[in-house]
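Based on the provided sequences and hints, a complete structural model is requested.
Using the numbering used here, the letters of the sequence shown map in sequence onto residues 1 to 90.
Worth double-checking, as some hints may not be accurate.
Using 25 Å as the maximum straight-line C-alpha spacing, the simulated BS3-like pairs for lysine-lysine come out as follows [to be verified]:
hint, residue 1, residue 2
1, Lys45, Lys58
2, Lys61, Lys51
3, Lys35, Lys45
4, Lys51, Lys40
Label-pair restraints from in silico Cβ distances [claimed, not checked]:
hint, residue 1, residue 2, range
5, Val36, Val7, 34 to 42 Å
6, Met62, Pro89, 31 to 39 Å
7, Leu8, Asn43, 45 to 53 Å
8, Ile39, Leu60, 42 to 50 Å
9, Arg49, Gly76, 24 to 32 Å
10, Phe4, Ser27, 46 to 54 Å
11, Ala66, Lys45, 22 to 30 Å
12, Ile57, Gly81, 27 to 35 Å
These are computed hints drawn from the structure, not numbers from a lab.
Backbone N, C-alpha and C define an ideal beta-carbon position, used for all residues, glycine too.
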Amino acid sequence: MSLFRLVLIVLLCMLQYRLWFGGNSISEYSRLQQKVETIKLENDKLSQRNKLMVADIKDLKMGVEAIEERARNELGLIRQGELFYRVIPK
Numbered sequence: 001m002s003l004f005r006l007v008l009i010v011l012l013c014m015l016q017y018r019l020w021f022g023g024n025s026i027s028e029y030s031r032l033q034q035k036v037e038t039i040k041l042e043n044d045k046l047s048q049r050n051k052l053m054v055a056d057i058k059d060l061k062m063g064v065e066a067i068e069e070r071a072r073n074e075l076g077l078i079r080q081g082e083l084f085y086r087v088i089p090k
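Given below as structure tokens:
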């Protein structure tokens, strides 16, 4: 009977070791869980950026106003006959 108990104790210790320190252990699970959360946050940011880009593309395809606004803001273009005043702060 004592040999049986000894075998069971050794088996229990081996299983506990695998649970805490072996492959696919609890510490590895928590590390991977944290990594998944980080990647989900990054994916959410990228998804939001993609939605903004799609809206910008639709806006550029639909009307001339968006193209004109972009040309004025990003390229500094003006219409023919317009006057452009640049105010430089002190």
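To see whether the hints hold, each was checked on the structure:
no. : hint                        : verdict
1   : Lys45 <-> Lys58             : holds, 20 Å
2   : Lys61 <-> Lys51             : holds, 15 Å
3   : Lys35 <-> Lys45             : holds, 16 Å
4   : Lys51 <-> Lys40             : holds, 16 Å
5   : Val36 <-> Val7: 34 to 42 Å  : holds, 39 Å
6   : Met62 <-> Pro89: 31 to 39 Å : holds, 36 Å
7   : Leu8 <-> Asn43: 45 to 53 Å  : holds, 47 Å
8   : Ile39 <-> Leu60: 42 to 50 Å : violated, 31 Å
9   : Arg49 <-> Gly76: 24 to 32 Å : holds, 25 Å
10  : Phe4 <-> Ser27: 46 to 54 Å  : violated, 32 Å
11  : Ala66 <-> Lys45: 22 to 30 Å : holds, 24 Å
12  : Ile57 <-> Gly81: 27 to 35 Å : holds, 31 Å
Consistency note: the structure conflicts with the earlier hints numbered 8, 10.
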